[in-house]
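Engineer: Here's the letter readout for the chains.
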Amino acid sequence: MIPALFVFAYLAIVVYIGVFAFRRSKGQGAEDFFLANRSLGTFVFLLSLFGTNMTAVAILGSSGNAFTNGIVTYGLMASSSGLVIPLTIFLIGTRVWVLGKKYGFITPVQIFRDRWECSHIGTVIFAVQAVLLVPYIIIGIMGGGTTLSAISGGLVPFWLGGAVVAAVVMTYVFFGGMRGTAWVNTFQTILFLVFGVIAIGVIGAGMGGFSGAVESLGSAPATSWLLTRERISPYYFFSYTFIPLSAIAFPHILIFCLTAKRMVQFKKTVIFYPLCILLIWSPCVFLGVMANRVSDVPEIRAKQEARRTLATQGPRLEPAQRDELRERASGDDVILLLLHRYAPLWLAGILGAGIMAAVMASDSQILALSTMFTEDVFAFYGGRRRFGESAQVQTGRIFVILLTVLAYFVALRAPETIFEIAIQYAFSGFAAMSPLMIAALFWRGSTKWGALASTVWVALAVAFVALFQQTVPAPPPGPPAVFWSVGGTEVLARTPSGTSVFGFLPVVPMVLVSALLMLLVSKLTAKPSAATVEKYFSR
Amino acid sequence: MKRALLVLAVAALYVLHQDFWFWRTSRPLVLGVVPIGLFYHACYSVAASLLMWLLVRHAWPHYLEREVERLDAEGAEGGDES
Numbered sequence: 000m001i002p003a004l005f006v007f008a009y010l011a012i013v014v015y016i017g018v019f020a021f022r023r024s025k026g027q028g029a030e031d032f033f034l035a036n037r038s039l040g041t042f043v044f045l046l047s048l049f050g051t052n053m054t055a056v057a058i059l060g061s062s063g064n065a066f067t068n069g070i071v072t073y074g075l076m077a078s079s080s081g082l083v084i085p086l087t088i089f090l091i092g093t094r095v096w097v098l099g100k101k102y103g104f105i106t107p108v109q110i111f112r113d114r115w116e117c118s119h120i121g122t123v124i125f126a127v128q129a130v131l132l133v134p135y136i137i138i139g140i141m142g143g144g145t146t147l148s149a150i151s152g153g154l155v156p157f158w159l160g161g162a163v164v165a166a167v168v169m170t171y172v173f174f175g176g177m178r179g180t181a182w183v184n185t186f187q188t189i190l191f192l193v194f195g196v197i198a199i200g201v202i203g204a205g206m207g208g209f210s211g212a213v214e215s216l217g218s219a220p221a222t223s224w225l226l227t228r229e230r231i232s233p234y235y236f237f238s239y240t241f242i243p244l245s246a247i248a249f250p251h252i253l254i255f256c257l258t259a260k261r262m263v264q265f266k267k268t269v270i271f272y273p274l275c276i277l278l279i280w281s282p283c284v285f286l287g288v289m290a291n292r293v294s295d296v297p298e299i300r301a302k303q304e305a306r307r308t309l310a311t312q313g314p315r316l317e318p319a320q321r322d323e324l325r326e327r328a329s330g331d332d333v334i335l336l337l338l339h340r341y342a343p344l345w346l347a348g349i350l351g352a353g354i355m356a357a358v359m360a361s362d363s364q365i366l367a368l369s370t371m372f373t374e375d376v377f378a379f380y381g382g383r384r385r386f387g388e389s390a391q392v393q394t395g396r397i398f399v400i401l402l403t404v405l406a407y408f409v410a411l412r413a414p415e416t417i418f419e420i421a422i423q424y425a426f427s428g429f430a431a432m433s434p435l436m437i438a439a440l441f442w443r444g445s446t447k448w449g450a451l452a453s454t455v456w457v458a459l460a461v462a463f464v465a466l467f468q469q470t471v472p473a474p475p476p477g478p479p480a481v482f483w484s485v486g487g488t489e490v491l492a493r494t495p496s497g498t499s500v501f502g503f504l505p506v507v508p509m510v511l512v513s514a515l516l517m518l519l520v521s522k523l524t525a526k527p528s529a530a531t532v533e534k535y536f537s538r
Numbered sequence: 000m001k002r003a004l005l006v007l008a009v010a011a012l013y014v015l016h017q018d019f020w021f022w023r024t025s026r027p028l029v030l031g032v033v034p035i036g037l038f039y040h041a042c043y044s045v046a047a048s049l050l051m052w053l054l055v056r057h058a059w060p061h062y063l064e065r066e067v068e069r070l071d072a073e074g075a076e077g078g079d080e081s
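Line order of the protein sequences matches chains C and Z. Under numbering that gives the first Met the number 0, the residue at position 224 of the first sequence is numbered 223, and the numbers go up by one with no gaps. Under numbering that gives the first Met the number 0, the residue at position 19 of the second sequence is numbered 18, and the numbers go up by one with no gaps.
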């Protein structure tokens with residue numbers, strides 16, 4: 000229960016930060032609530048932008064994935080992100096910031112509407128972005144409930160843990176708006192950067208050093224592959240370099256880009272971003288792999304056992320039995336279990352709070368959805384004109400409450416796997432939305448019809464993949480189950496962990512077709528007026 | 000020329016992500032614990048940071064910055080007048 004007390008202390012601190020931010024911004028308008036008055040300095044901008052991207056996936060997901068798949072996890076998710084995300088912030092984030100400063104834009108849809116002279120197409124883009132973002136909020140609350148329950152040793156039940164997390168996030172977003180969210184994210188990032196490194200040392204010492212563990216993992220045929228990528232297809236590995244394109248298409252990241260006080264603040268952010276990734280992901284991945292050598296934690300042993308059963312008896316089992324074994328073998332909580340076993344209580348508490356911080360990254364998404372709703376729907380369809388700016392901020396706050404309460408009740412009732420799939424393909428979906436902003440900023444010839452074609456394609460493709468994975472059961476570990484082939488060439492297949500198209504992850508065709516549609520449809524349709532094009536391309 | 004070199008550097012680093020040469024081996028273990036494939040990708044993150052430094056130093060869009068500064072100055076002048 001002592002670690003849980005640290006977590007509660009942490010939750011109290013973040014609520015206080017939200018209320019403090021509220022006092023700082025009292026009486027200010029919509030731009031202050033939604034964008035912290037475009038006034039964030041270098042340090043807060045770097046750490047909060049990075050913290051915004053640090054979801055449960057970065058901490059629990061990375062160590063869990065490394066537990067199951069080995070060191071490849073870092074190459075798949077971290078190193079490619081370290082190149083692509085800062086590059087897109089450098090190329091796109093800076094330009095979006097300038098447009099926001101010049102024309103007062105607060106959301107990406109406002110830019111699209113202005114750039115392509117459209118109204119309802121902007122609403123379609125808003126709707127698709129919102130649908131892809133909502134599962135994050137739900138999974139954040141689920142993660143909070145699970146983490147608090149695990150850290151308290153079951154004393155705090157899932158429903159109460161989820162409710163506490165939802166209430167805390169709602170409170171500091173409600174009061175603090177963007178300023179509160181940015182300060183909380185900064186605090187969270189510092190907490191994890193500092194204590195993540197300490198965790199490596201403490202767990203390493205507890206395990207009697209890592210060199211013996213690495214040697215025995217490498218020498219046993221059953222585990223040696225965890226230290227290489229021999230079981231990973233090069234196509235699969237390559238596909239993952241497309242996923243980080245999603246970062247700059249996420250509305251909460253683009254909106255965050257508008258909060259910098261000066262453009263020069265992007266410089267340190269893009270330079271230090273890959274190093275922050277290295278500092279946070281490498282300990283998580285390494286510890287996830289090392290968990291495979293742990294034999295004195297019954298929960299971890301049960302996971303290893305489930306994985307062995309799946310590998311040896313998988314082909315003879317029913318799909319439902321395989322799914323159950325997969326769930327039992329899932330390593331999302333291994334880092335929590337390692338802390339529980341090897342760290343002293345006070346450190347486990349602080350690190351638990353750090354993990355909680357990452358799990359609670361749904362704050363930015365809640366605020367982004369609230370911003371998008373009030374700007375792209377409420378204000379766009381006349382709400383601000385009729386009721387004033389103060390009513391717009393209040394609408395934003397009410398939306399925060401409604402969204403959090405709705406997400407909480409859905410989180411209590413829905414099976415987690417549905418949202419895992421949704422999130423898995425939300426990354427692909429947002430990556431496939433990236434051609435929209437690239438075309439808007441860098442191609443004079445792009446049109447609203449091209450944007451609509453790309454958006455509709457993304458929505459259909461995400462729905463298809465989610466449906467495909469729900470209806471076609473995953474095969475046992477090993478080669479994929481080919482669903483459709485042409486002339487001996489595998490076109491569509493169900494893999495143990497998802498779907499493949501021509502051997503690639505679906506994100507590859509999704510991005511390529513989205514870009515192609517933007518190109519072809521724009522070529523065939525009328526361009527915006529010369530004045531609008533000049534507004535964006537004059538130097 | 001400088002711009003072309005930077006584009007080439009970005010493309011080269013993107014290609015270097017696909018390190019097939021360390022695909023099937025874990026050795027040598029760097030510092031006795033880090034498999035070479037993981038070490039390579041940790042170094043890749045450092046290389047990405049260095050590349051970003053080069054981009055910031057040699058390809059920073061100063062014209063955008065100047066545009067905003069000009070607008071800010073115009074806004075301040077307008078404020079002074081009123």
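Any given hint could be a false lead.
Simulated pairs of lysine-lysine, PhoX-like, Cα-Cα distance not exceeding 25 Å [claimed, not checked]:
1. C:534 / C:100
2. C:266 / C:100
3. C:101 / C:522
4. C:260 / C:100
5. Z:1 / C:266
6. C:267 / Z:1
If you are wondering where the hints come from, they were derived from the structure by calculation, not from laboratory data. Values in this document were obtained by computation on a predicted structure and should not be read as measured data.
Engineer: If a hint holds in the structure, say so; if it does not, say that too.
Structural biologist: Verification of the hints:
For the proposed pair residue 534 of chain C and residue 100 of chain C, the alpha carbon gap of about 14 Å is at most 25 Å, so the pair holds. For the suggested pair residue 266 of chain C and residue 100 of chain C, the alpha carbons sit about 17 Å apart, so the restraint of at most 25 Å is met. About 29 Å separates the Cα atoms of residue 101 of chain C and residue 522 of chain C, which puts this hinted pair outside 25 Å; it is violated. Under the criterion of a C-alpha separation no larger than 25 Å, the hint pairing residue 260 of chain C with residue 100 of chain C is consistent with the structure, at around 10 Å.
Proposed proximity of residue 1 of chain Z and residue 266 of chain C is supported: the alpha carbons are some 19 Å apart, at most 25 Å. Pair hint residue 267 of chain C plus residue 1 of chain Z holds up; C-alpha atoms about 21 Å apart against a cutoff of 25 Å.
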